[in-house]
Amino acid sequence: MMNRTAFIKFRGTNSFLLHSLSSFQFSTHKASLHSNVSSLIHKITNLNDALKLFDEMSHRQPLPSVVKFNQLLTAVTKIKHFSSSLDLFKQMCSLGVPVSNYTMSIAIKCCCQLHRTKDGFALLGCCFRRAIAPDVYIFNALLDGLVLEDRILEAEMLFKKLIKQKLCEPDVVTYSTMIKGLCKFGNNVTTLALLRLMEQTNCKPDIFTYNTIIDSLFKDKMIDDAFKLFKEMVSDKGILPNVITYNSLICGLCKFGRWDEASKMLKQMEDENISPDVHTFNVLVDAFCKEGKVEEAEVVINIMIERGKVPNLVTYNSLIDGYCLQGEMIKAREIFDSMTLRGLAPNVVTYSSLLNGYCKNRNIEGAMQMFRQMTGQGLKPNVVTYNTMLQGLFQVGRCVAARRLFNEMHAQGRIPDRCTYRIVLDGLCNNHLVEDALSLFYLVGNSKLNSDIAVYNILIDGAGKNGKVDVARILFQGLIDKGLQPDVRTYNVMISGFCREGQLGEAKLLFLKMEESGCPPDDVTYRVLLQGYLKKRHYDDVEMLLQEMDDRGYSLDASTLSLFIDHIAAGLLDRSMLKLLSKLVPKELLDDPRLCDWE
DNA sequence: ATAGGGTTAG
Numbered sequence: 093m094m095n096r097t098a099f100i101k102f103r104g105t106n107s108f109l110l111h112s113l114s115s116f117q118f119s120t121h122k123a124s125l126h127s128n129v130s131s132l133i134h135k136i137t138n139l140n141d142a143l144k145l146f147d148e149m150s151h152r153q154p155l156p157s158v159v160k161f162n163q164l165l166t167a168v169t170k171i172k173h174f175s176s177s178l179d180l181f182k183q184m185c186s187l188g189v190p191v192s193n194y195t196m197s198i199a200i201k202c203c204c205q206l207h208r209t210k211d212g213f214a215l216l217g218c219c220f221r222r223a224i225a226p227d228v229y230i231f232n233a234l235l236d237g238l239v240l241e242d243r244i245l246e247a248e249m250l251f252k253k254l255i256k257q258k259l260c261e262p263d264v265v266t267y268s269t270m271i272k273g274l275c276k277f278g279n280n281v282t283t284l285a286l287l288r289l290m291e292q293t294n295c296k297p298d299i300f301t302y303n304t305i306i307d308s309l310f311k312d313k314m315i316d317d318a319f320k321l322f323k324e325m326v327s328d329k330g331i332l333p334n335v336i337t338y339n340s341l342i343c344g345l346c347k348f349g350r351w352d353e354a355s356k357m358l359k360q361m362e363d364e365n366i367s368p369d370v371h372t373f374n375v376l377v378d379a380f381c382k383e384g385k386v387e388e389a390e391v392v393i394n395i396m397i398e399r400g401k402v403p404n405l406v407t408y409n410s411l412i413d414g415y416c417l418q419g420e421m422i423k424a425r426e427i428f429d430s431m432t433l434r435g436l437a438p439n440v441v442t443y444s445s446l447l448n449g450y451c452k453n454r455n456i457e458g459a460m461q462m463f464r465q466m467t468g469q470g471l472k473p474n475v476v477t478y479n480t481m482l483q484g485l486f487q488v489g490r491c492v493a494a495r496r497l498f499n500e501m502h503a504q505g506r507i508p509d510r511c512t513y514r515i516v517l518d519g520l521c522n523n524h525l526v527e528d529a530l531s532l533f534y535l536v537g538n539s540k541l542n543s544d545i546a547v548y549n550i551l552i553d554g555a556g557k558n559g560k561v562d563v564a565r566i567l568f569q570g571l572i573d574k575g576l577q578p579d580v581r582t583y584n585v586m587i588s589g590f591c592r593e594g595q596l597g598e599a600k601l602l603f604l605k606m607e608e609s610g611c612p613p614d615d616v617t618y619r620v621l622l623q624g625y626l627k628k629r630h631y632d633d634v635e636m637l638l639q640e641m642d643d644r645g646y647s648l649d650a651s652t653l654s655l656f657i658d659h660i661a662a663g664l665l666d667r668s669m670l671k672l673l674s675k676l677v678p679k680e681l682l683d684d685p686r687l688c689d690w691e
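All residue numbers for the first sequence refer to the working numbering, where the first residue is 93 and numbers rise by one.
Among these hints, one or two may not hold up.
[What the hints assert, rightly or not] Here are the computed distance ranges between Cβ atoms for each label pair:
| no. | residue 1 | residue 2 | range |
| --- | --- | --- | --- |
| 1 | Glu593 | Lys320 | 45 to 55 Å |
| 2 | Lys256 | Asn453 | 56 to 66 Å |
| 3 | Phe220 | Lys320 | 37 to 47 Å |
[As the list claims (entries may be wrong)] With a Cα cut of at most 27 Å, we get these calculated DSS-like pairs of lysine-lysine:
| no. | residue 1 | residue 2 |
| --- | --- | --- |
| 4 | Lys401 | Lys359 |
| 5 | Lys160 | Lys182 |
| 6 | Lys382 | Lys423 |
| 7 | Lys256 | Lys311 |
| 8 | Lys252 | Lys210 |
| 9 | Lys359 | Lys385 |
| 10 | Lys311 | Lys382 |
| 11 | Lys423 | Lys356 |
| 12 | Lys560 | Lys574 |
| 13 | Lys210 | Lys253 |
| 14 | Lys605 | Lys627 |
None of these hints come from the bench; they were simulated from the model. These numbers come from a predicted model, not from an experiment. The beta-carbon is built from N, C-alpha and C at its ideal position, and this holds for glycine as well.
Make the full structure from the sequences, and use the hints.
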């Protein structure tokens, strides 16, 4: 075959020669294509190459076999161009390629991955019409589609139907997909039952099955069960954990602050010659960032790079979020710029972190500018983005703008979630719009949104702070009537409301009720009650409360302490209390110059 | 000579 240099040498010598040369090249190219479609398909890395190859294949006479087309479709599906893959499938049909069950399974998978499981089922109908017997691959793809669309009941129905009507022999993938669906809905009891059922059949659970369940148990905070299953997998079934198993374990342990065990797992992993991948490093980066240890996170990233792993969008997003949580917006922007320079396009998560950072710093203009930049890049804000912006706007008292944004959220088809609801209620209460918050609350009525103790805490606090302790009392009774369990915060905001109105008797009664209700007071409870007592110059229980605080190992905060000092300075409280107070003051507060003559 | 399932971020 003529090579490229030879071709160049001929240029300009003779146009006829050039023409024949190029056609010669073309035909040899085609010839090599014909014999080597499979090897060309394996080299496909982008959609364009795939489409070109398809075009050339479809012009061949005779047409390449269906196997070649299936290979190409697989390649396109692997690079996640599902709708292009479907287009090619349609073209295959109109070209008259005799599509097989392989082709159908790929096409159905594409529909399902596009959240168009309905079309997937339509293609199942086509199978019957074309006398293609649907196999387990096809049913697995459909089952996965239903799970993906959260249609868990239909997934269960399909699963049972497959078995009952013997539509196909379910295999380990069928079971694992069903298990994934059950896990997604937090139904760990049924999940484990299905795992046991599986063990009775001849398709045994494999590493995929176990990884799915172990990860789900961690997500549901069932750490001990997760480890039990992990041991069962390794010891009883002899299945070796892989990098994904370890990633789940390490991620779960980090989330619960169980650092020692997490690093033990890292060591164990290395001992077994399983090297950490980008995902593992990302878990560690994120864990450090969440702990406020951004420098450590940067160290992890350096190790990651030393080991030849390339940080990706997730890595940078975690780091940016870490800096934003610390309010270090300059660093956050630096990382943002450097990731853009590396050709990584920021996504909605990146922007939401930045918005959050600006809002935390009460820089609402900065947040707005980011919001506009984000939408300008064609990124659609999601519920989290809107929640962040709403919180920021309420925080700086821009209730009208918040309202406008809430309406926009609605217009964009974003359904407010429990966080949105809490943010709006809290925002209204903190901006002296308790009446509005209450009307919204009553409008929502007896729904799941209102069966949330946090919602009651917000409203009780809002009512109390706005001089509506009677409303607070009604709300408190209401939540008890509903069968909700008040938590420490509920008691704290209620006690704080009573204290503010000088109803110290009520405050004390509720305080005493906490212990017997199995919800012991925390340091905040004591601070609130003490401040209430001091402000009303009601000193009877003060010493006893301080003593209790000491017994429980609680400490005083700066503002309560300051109040005590004022009362002592005014001669309202005896100086003998200083000794007890000094025991309750954290070291950093002892530096206060006003306290130098304490001991 | 071709098809499928598991882990991460706001």
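Here is how each hint holds up against the structure:
1. Evaluation of the 45 to 55 Å hint for Glu593 and Lys320 yields a pass: the beta carbon distance comes to about 52 Å.
2. At about 60 Å, the CB distance of Lys256 to Asn453 agrees with the hint of 56 to 66 Å.
3. Distance hint check: the CB atoms of Phe220 and Lys320 are about 45 Å apart, consistent with the given range 37 to 47 Å.
4. Distance restraint check for Lys401 and Lys359: the Cα-Cα separation of roughly 18 Å lies within the 27 Å cut-off, and the hinted pair is therefore satisfied.
5. With a C-alpha separation of about 16 Å, the suggested pair Lys160 and Lys182 falls inside the 27 Å cut-off, and the hint holds.
6. Our distance criterion of 27 Å between C-alpha atoms is met by Lys382 and Lys423, whose separation comes to about 16 Å.
7. For the hint linking Lys256 to Lys311, the alpha-carbon distance of about 32 Å lies beyond 27 Å, and the restraint is violated.
8. The suggested pairing of Lys252 with Lys210 holds, with an alpha-carbon distance near 19 Å, which does not exceed 27 Å.
9. Straight-line distance between C-alpha atoms of Lys359 and Lys385 comes to about 21 Å, which keeps the hinted pair within the 27 Å bound.
10. The hinted pair formed by Lys311 and Lys382 meets the criterion: a straight-line CA distance of about 17 Å does not exceed 27 Å.
11. Note on Lys423 and Lys356: the hinted pairing is violated, with a Cα-Cα distance of about 32 Å set against a maximum of 27 Å.
12. At most 27 Å may separate the alpha-carbon atoms for a hinted pair to count; Lys560 and Lys574 meet this at roughly 21 Å.
13. At roughly 17 Å between alpha-carbon atoms, Lys210 and Lys253 fall within 27 Å of each other, so this suggested pair holds.
14. Annotation: proposed proximity of Lys605 to Lys627 holds, straight-line Cα distance about 23 Å (limit 27 Å).
Of the numbered hints stated above, those contradicted by the structure are hints 7, 11, listed in ascending order.
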